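Construct the complete structure from the given sequences, taking the supplied hints into account.
Residue strings, one per chain:
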Amino acid sequence: MTDGSDERQEIVERHLRVLEALLFAASEPLEPLAMLPYLGEGADVAGLLVQLQARYAGRGVNLVQRGDRWAFRTAEDLGFLLRRQEQETRPLSRPALETLAIIAYHQPTTRAEIEEVRGVATGKGTIDLLLEAGWIRMRGRRRTPGRPVTYGTTEAFLDHFGLETLSDLPGLEELKGSGLLSGRLPPSMQIPLPFGGALREDEDPLDPDDHDDDRDSDPDRDDDGEDHDAQ
Amino acid sequence: MTDGSDERQEIVERHLRVLEALLFAASEPLEPLAMLPYLGEGADVAGLLVQLQARYAGRGVNLVQRGDRWAFRTAEDLGFLLRRQEQETRPLSRPALETLAIIAYHQPTTRAEIEEVRGVATGKGTIDLLLEAGWIRMRGRRRTPGRPVTYGTTEAFLDHFGLETLSDLPGLEELKGSGLLSGRLPPSMQIPLPFGGALREDEDPLDPDDHDDDRDSDPDRDDDGEDHDAQ
Amino acid sequence: MTTPQPDWFETPAPPADEDILYVDVDGYEGPLDLLLDLARRQKVDLSAISVLALAEQYLSFIETVREKRIEVAADYLVMAAWLAYLKSRLMVPQAPSDDEPSGEMLAAMLQFRLKRLEAMRRVASQLMNRPRLGFQVYARGMPEPYQIARTSIWEASLYDLLKAYASQRERGVTAEYSPIQRTVWSLQDARDILQRLIGESFEWVAMDTYLAHYLSTPAERATVRASTFASSLELVRLGKIDMRQTETFGPLFVRRRKGDGQ
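Residue numbers (my numbering), protein chains in the order written: chain A, 1 to 231; chain B, 1 to 231; chain C, 1 to 262.
Hints in this document: simulated from the structure, not taken from any laboratory. A quick note: this is a predicted structure, and the numbers were derived from the prediction, not measured. Treat the hints loosely; a few may be bogus.
To be verified - Counterexamples of contact, computed for chain B against chain A with all Cβ distances above 10 Å:
#1 E20
#2 G40
#3 L92
#4 D204
#5 D209
To be verified - Part of the chain C face toward chain B, derived, beta carbon under 7 Å:
#6 M120
#7 V137
#8 Y138
To be verified - Cβ-Cβ distance ranges computed for the label pairs, FRET-style:
#9 A:E173 to C:E220: 34 to 44 Å
#10 B:D202 to A:E86: 14 to 24 Å
#11 A:R90 to B:A133: 34 to 44 Å
Ideal Cβ positions, reconstructed from N, Cα and C, are used throughout, including at glycine.
So, in structure tokens, the structure goes:
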């Protein structure tokens, strides 16, 4: 290398340092023209930026171009470092608790059946929440017109509520005995026996694309996650 | 190179990228312990930081240590270039500046000692202003009659003035040599140095309600925020 | 340097030391600051200053200020008193029996304090001349903040679950329940009807006979009997009717009372 090219390289390095510092300290992406005064007339800002970008290519921080402007940004594959999971413990809302209880006792059960027992429409959000909590699952589809999805509880449900099997759920007499149900109930009142088996005779397996839930097949539903009175 | 060392080098590179991303993203210095979870147990954060520091040594952005914490900062020598127009917020008053210097060089120190050095009463406002700027902190209480609060500097102080540790304070050696860090007339056998550690042997921890400062325990003080001549 | 006979209404004569004229006590941060300024005017290293000369300058300065009838803060006067003492210690040789610190020691102490104050001022300005964050050194201008994704862990107990189930099943039951609309005889109605039925009859007639028409509706039987019986007692009390019952659980007989005014 000649002295001249050494010198040129030195100038390039100096310019790269200045660009580095400018881009680092800037509070918004910078356009090349805004950086030029810091380098001096005649500096090839665009070329320098491309060089700098190449230097940071594999690093934890990359030099990225956004439109005409340039900025340092965390490498995309490291974005997870800047995301934090925070868990908070929250009590289940009453609508969710009621929906879960009906699914537990009446499983396999459909959304229409849940609504019939509760007397109010069950918000999509409530079912979603229980699915996300991992306490209920889609079991199959009822072999009736409209083929509604049937819901049942999961192992995690048993685990959370300290039940060994579904048959540990107390029956009518036990509920009366524990004072949870009052004595004056019509004799016709029955508490169903939950069915936790694979598929009942009136259930079909889920369709292959069902695991996104019946969100789309049910466009009339409110998705606001709130229960509201049925119309 | 064997495959084993290749693999180790790869892990180091991955770790360096993660540290780069974390430190770049933050505006405040980070302590190694806060970065450890992103690297995995057993990672030598301190060693990696020193490596990363070396990589950025000549660059426009440097990795600097501020007390126990680390941060990327623009290179000191580029300051003249980057100097912003809008700066010069209200400059520190002379009393505040002197008080800050006395706290920095004599820490842990009490208000009475600051007043002894300056030969004038220090307004409550001066101390409050420095506390609010985040440059000083209440360290503890001196184990002497009256149990006065002791003050020391913070990591933000180091960060603001670009000091790695307290021993980087300008002129410290000279002051030490001339015995001017002493409260008493030299020659005294032991020459105190600024002490930034947890608590010195003559310090007690702060009382639980101390973080409102000694405002209430000191009813004779003027709270007018101005230095003034003693009565 | 003071006028022997101060004339309060005239400007005092200029002091010998020209400098002192332009010194304003308000410009100082206390007596030590003033002393340091005076020491600096000796234009020698602080270690070489003449403490005696310094004390004299200070004392004459305070004197001048007081002559101008300017209020001097107490700590300046305290310092003046101490310097006067120091001066006397420096000028009078120390007696061997004297326990007090020597004048030289006091002078050294003062010198030390001046040097220390000056040193602190020097390092303070050195500190401010360092490349400071936000002035010559910059932090990341666009910090990338953490994005916090909150996930909820839902809490519910088996008791909550069972209670929710039981209460909504019960709610379903009560929703189908429609209460029977009962006709209730008010006491006033019963009294009016009874009085009308008995009319002018002085014969003993069983109450149920009078009420036969009303008692034919089983749902109303109880309220008719109860209200009529209660009003009949009231009518007896008012002396309007007589009642009798010949046996336990036997029929109640009523008739209009033959009374005064009839």
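- So which hints don't hold here, by number, going up? Violated hints: 1, 10; rest satisfied.
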